[in-house]
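Trainee: From first to last, the protein sequence lines stand for chains C and P. Once you know that position 278 of the first sequence is 278 in the working numbering, the rest is easy, because the numbers rise by one and skip nothing. Once you know that position 3 of the second sequence is 459 in the working numbering, the rest is easy, because the numbers rise by one and skip nothing.
In case anyone wonders, no lab produced these hints; they're calculated from the structure. No residue lacks a Cβ here, since even glycine has one placed at the ideal position from N, Cα and C. Errors might be hidden in some of the hints.
[Stated by the list, open to error] According to the in silico footprint, chain C covers these stretches of chain P (three or more CB under 8 Å from chain C):
no.: 1; region: 516-528
no.: 2; region: 548-561
no.: 3; region: 625-633
no.: 4; region: 661-668
no.: 5; region: 674-688
no.: 6; region: 844-854
2 protein chains.
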Amino acid sequence: MPYDSTSFEQYMSQQHDRFVAEFAQFIAVPSVAAQNRSITTMADLVANRLRQLGAAVTVYQTPGSPVVYAELGPRNAARTLMIYNHYDVQPEDPAELWTSEPFTLTIKDGRMVGRGTSADKGELLSRIQAVEAWLKTQGELPVRIKWVVEGEEEVGSVHLGEWVLAHADMLRADGILWEGGGYDEEGRMTFGLGGKGLAEFELHCQGPNHDLHSSVAPLVVNPAWRLVWALSTLKDQDDNITLDGYVEHVRPLTDEEWARIDAVPMPFEAMRHRWGITGWLQGLDDHAARRRYLGAPTITICGIHSGYGGLGSKTVLPAEASCKLDFRLVDGLTSDLAERLLREHLDKRGFADITITALGHEEFAASAPGSLAERAAVAASERVWGKTPVILPWYAGSGPVHQLSTVLDIPVVFAGATWHPDIRAHSPNENIFVKDYFESMRFTAAFLELFATLDA
Amino acid sequence: MPYDSTSFEQYMSQQHDRFVAEFAQFIAVPSVAAQNRSITTMADLVANRLRQLGAAVTVYQTPGSPVVYAELGPRNAARTLMIYNHYDVQPEDPAELWTSEPFTLTIKDGRMVGRGTSADKGELLSRIQAVEAWLKTQGELPVRIKWVVEGEEEVGSVHLGEWVLAHADMLRADGILWEGGGYDEEGRMTFGLGGKGLAEFELHCQGPNHDLHSSVAPLVVNPAWRLVWALSTLKDQDDNITLDGYVEHVRPLTDEEWARIDAVPMPFEAMRHRWGITGWLQGLDDHAARRRYLGAPTITICGIHSGYGGLGSKTVLPAEASCKLDFRLVDGLTSDLAERLLREHLDKRGFADITITALGHEEFAASAPGSLAERAAVAASERVWGKTPVILPWYAGSGPVHQLSTVLDIPVVFAGATWHPDIRAHSPNENIFVKDYFESMRFTAAFLELFATLDA
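Kindly generate the complete structure, drawing on both the sequences and the hints.
Mentor: Below, the structure written as structure tokens:
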């Protein structure tokens, strides 16, 4: 029996301004995990908001950010849904490129702009508010909900895996509603069943004990040069990974998997236009690009810094050089393998002095097609928008899916509703549309009902 | 007839505190040419200080920093000495490594610490004060002085050459007293007859129009990778320059020149200790290191910057990447050659998209041994310190020597007195000793007299 959408809609309308004001409160907390800023403040804010739903909430301390865990809904419900979100955000750098304050929710032309609007506070709070609306208008929830809201997603969910292992019994569920998901340039809803893995490293090379006048360059080892030389051995100029013994571990995809990838519509022309580029790397055509996007591992320089970077020139030989790398992992690759091979590769080439610090990691994970969670997401999309969503076998992005879905053996679906083609997640002027924030509530309500009622 | 050193010393003593206070005023002006900070303020301060000597001073405007030009001393003097100094300084970055305010003269343990103390405000002002002391205690100067104080030395003296060409007649002189020079770990005075050239470039690679989520790395060209690949083709991992067609232009040194280089004492052990390193690049022994130091060209990464550099990680594909390079030029190489070959080299390897901006340049220049200026410097050193100085055929560093000495055909000597082995020029905590600041005045007085009186 469908829930009563009329009263639900009415409640959303009545509470519109309060819901937006609450969202502004969430955005105002600069919960940057990479810099350990305002993390406990944000965890407490989330915990208190969940308690307002009547949930039993525990804030679990970890060596890093706390995990906020909430249970609500009938204990005797036939099905249990895990919901995954995170309350941490990316740094706001480069701060000067924002057109409004990064941590002030700014509404303009129907968009809500601010760090964390799309990743992941918009989904988190709109789902919480959807549950509130359900409770206020429909009564009891149709499922038991186990809500995991972590605070280290943007730094590789460093401590989540250990927490999951310690609470595996508590976390049993029939499906996981993940973060992420939305619509593309042509309005197609896009959901997914997993994500690539991610291994993040910082490389550091130390030279002299202070910046020297560059006239000593004939004598003194320059750490910036050493880092450049070391990096240049990891990928060739055509962007092929040349890390020793690495790509051999990639599991070849099956024809069925390639077919699922080939079926993913991607708005390539719009993507190029939006990013201001004229073509893909290696001159790939769109068909090959789609396969590489989902099927290929990456090694990305996310940042490299050494010496003087201000206006004009400064004739120094830098004291040190650092670089942040991320590896996106497809099936067959693991973060441990990446770290071990990277160390061996550098050592073998005379770069033993370059240190590697692991910053965070996630493993490749993808659920098999056909799960209850996936079917509930598809049916909810059809009901709310009249659209059958595209289902990606896995996203090119990453999340701690392995740590919850694979380890606990619970099928997952990435089925958020707030992502649009220009959300600028992780970039300046991150945003979502106001209308999608409220669509997310409608979708959540439909998903809860369908997850409770579809055939197993 | 030697000047009366007793009255000169007395005057220095009497004026000690005022002289130091004036120096503090000079240091307090953050005349960073690279950032066009306080340049006109500093030019005016220098001009006014020279006017207090009774000099005829003109501040020449250029498209960049003004050139302060002063003439003083008898018009009918038998000899004319040009003095070269500069009033601009390097940026204070990394500012957090200073133990005192960069632009506040701070005296501690006999050292005067502040940006510009050694390069070049200490030499400049102590010479001005030496002339004042001469005029107050000895009467008329023994030579005509033409003083060139420019404001773009730290950015490659971009506009000095054009100014020199426009005023070549005005600038005739019998010798040039340059900036730079001092003593090493073992107390040896060290002067020089020129310097390597310098060509400074900024390389820039543009990627997408904003930082993207790194999940798109299989598709989108990463400008940080492109810059790394391009740079890695310029020098091999053993620090040998591999820029196409470049080192072939180096003029082989004569046996006599190698002998002069081999005769330069260098405190290698102390240098390594001071810089916190255990050996030289390529495992060079000290003999080979000395030859490479003065005889080899360089390509130095002075800075490289792209993407995220803060704490922790940020999974972005950067929108752009930049790098500052400096080339130290030995005889046979020119800045034009470096720029042309760099462009060709990058184009040939598929890096036509990487832009090159020339930031400043100076050409290799060295005077032949035996000039009046050199002999006056040697004799002044012997008189003031009882020490015969080491004469370098040229420094490993650079200055606009070519633009004045070569173009005008006037022999030059680098003969400052304030440099000690730990001045940290261009680095945090740049400093000179108070005692050397006043030694510089003694040396200047002796030099003026000897330049006027030695056999031609």
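Trainee: Indicate, hint by hint, whether the structure satisfies it.
Mentor: Status of each hint after checking the structure:
1. 516-528: Since 0 is below three, the answer is violated.
2. 548-561: n = 3 at 8 Å, threshold three: holds.
3. 625-633: violated (count 0)
4. 661-668: n = 6 at 8 Å, threshold three: holds.
5. 674-688: With 11 residues closer than 8 Å to chain C, the region 674-688 of chain P meets the three-residue bar; holds.
6. 844-854: Check passed, 4 qualifying residues.
Checked against the numbered hints given earlier, the structure breaks hints 1, 3 and satisfies all the rest.
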